[in-house]
Amino acid sequence: MTIGSQVKQSLANMKAIHATLQQLALTSTNEEAQRAFHEAMLETEQMIAALKGRISTLEREEPQYKGM
Amino acid sequence: MPAWLEVAIRSICILIGLFIITKLLGKKQLSKLSFFEYIVGITIGDIAGSMSMDLDIRLTEGITSILIWSLFPVAISIISLRSKKFRDFVEGNSTVFIKNGKILEDNLKKEKYTIDELLEQLRKKDVFRVADVEFATLEANGDLSILLKRDKQPLTIGDVQKYVPEEKEPQTVIMDGEILDEPLATARLNRGWLKKQLDQMGVAVENVFLAQVDSYGQLTVDLYDDRIQLPEPQQKQLLLASMKKAEADFELFSLQTNDAEAKQMYEQQAKQMQQLIQKLQPFLM
Numbered sequence: 001m002t003i004g005s006q007v008k009q010s011l012a013n014m015k016a017i018h019a020t021l022q023q024l025a026l027t028s029t030n031e032e033a034q035r036a037f038h039e040a041m042l043e044t045e046q047m048i049a050a051l052k053g054r055i056s057t058l059e060r061e062e063p064q065y066k067g068m
Numbered sequence: 001m002p003a004w005l006e007v008a009i010r011s012i013c014i015l016i017g018l019f020i021i022t023k024l025l026g027k028k029q030l031s032k033l034s035f036f037e038y039i040v041g042i043t044i045g046d047i048a049g050s051m052s053m054d055l056d057i058r059l060t061e062g063i064t065s066i067l068i069w070s071l072f073p074v075a076i077s078i079i080s081l082r083s084k085k086f087r088d089f090v091e092g093n094s095t096v097f098i099k100n101g102k103i104l105e106d107n108l109k110k111e112k113y114t115i116d117e118l119l120e121q122l123r124k125k126d127v128f129r130v131a132d133v134e135f136a137t138l139e140a141n142g143d144l145s146i147l148l149k150r151d152k153q154p155l156t157i158g159d160v161q162k163y164v165p166e167e168k169e170p171q172t173v174i175m176d177g178e179i180l181d182e183p184l185a186t187a188r189l190n191r192g193w194l195k196k197q198l199d200q201m202g203v204a205v206e207n208v209f210l211a212q213v214d215s216y217g218q219l220t221v222d223l224y225d226d227r228i229q230l231p232e233p234q235q236k237q238l239l240l241a242s243m244k245k246a247e248a249d250f251e252l253f254s255l256q257t258n259d260a261e262a263k264q265m266y267e268q269q270a271k272q273m274q275q276l277i278q279k280l281q282p283f284l285m
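In the order they appear, the protein sequences are chains W and P.
So the first sequence is numbered by the UniProt record's numbering: it starts at 1 and just counts up by one.
So the second sequence is numbered by the UniProt record's numbering: it starts at 1 and just counts up by one.
No lab work stands behind these hints, which were simulated from the structure alone.
Accuracy of the hints is not assured; some may be wrong.
Label pairs and their computed distance ranges (CB to CB) [said to hold, decoys possible]: (1) R35(W) <-> D159(P): 53 to 59 angstroms; (2) Q200(P) <-> H38(W): 19 to 25 angstroms; (3) R35(W) <-> K162(P): 16 to 22 angstroms; (4) E32(W) <-> S11(P): 38 to 44 angstroms.
All figures in this text were calculated on a predicted structure; none of them were measured in a lab.
C-beta atoms are modelled at their ideal positions from N, C-alpha and C, and glycine is treated no differently.
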């Protein structure tokens, strides 16, 4: 497995975390929990963006693995 | 009119009357009968009983008596609500038995309590050593309330964990196979969400005896068929696990890469994820 696909797997994992956090933020009735989940969700969005940037760099460096 | 018919009519009327009176007296009586209220209850029952059976008693006399017996306690409770002094006089005050860990013998004597009775009451509360008690008081209704010394008090979650998030009461959303819309709305969810959750579990609404939603929107169900095993909701544990995995991933990448900029980015992400886990851990436990 190349590092590129590993990073992509990690991105998928991050997206799953993001989705779960979003769901918990919506379904929690406790305001404190809602806020915590929402803030965490926003933070994961930044991290996902950073990961995406890294993936495009990797793809530029090793174009043969593009799209995997 | 034959005697039996009169008894029947009287009994039914008195039954209805008593039902109304008990509603009027309120719920408080059931859980916390003072001695006075206890006697009033017995007397009302006795009057009602003899009124329905004894045809010599005229209805007007009986009803007057019942009304006085039942309205008097109502009047007393209304005045008690208004005035603290009156309340103390009627319901009595609590008496302190143990203060600063020391038994107050004078107060025991005042309430005609022997030390054996005090020990018995303490044992009922699972206290076998008087030295463990910081404060104990005899309530007006005869119960003994005790405050244990700080080091003998049971451990609570607040002692272990610095920050514990509040948890709201769970809502019952399905009862006897029927969806209850009002609690569902209180949990800020709808039927569509519930259907989806049930589909994921693979059960139909008709087969659900009871379903509750906790304050994190997690659904737990009890089915009519007790042989079917349903998994516990694991969403929160799974989230925590995948967050830990993400942190580990970032650390791994930061070690593997040779690019200085990427290394720094990964390290920073790993740190950020670690903080996130720390922040969310109390909610996800």
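Comparing the hints with the structure gives:
The hint said 53 to 59 angstroms for the Cβ distance between R35(W) and D159(P), and at roughly 25 angstroms that hint is violated. As the Cβ distance of Q200(P) to H38(W) is approximately 24 angstroms, the hint placing it in 19 to 25 angstroms holds. Taking 16 to 22 angstroms as the suggested C-beta distance range, the pair R35(W) and K162(P) conforms, at roughly 18 angstroms. As the Cβ distance of E32(W) to S11(P) is approximately 58 angstroms, the hint placing it in 38 to 44 angstroms is violated.
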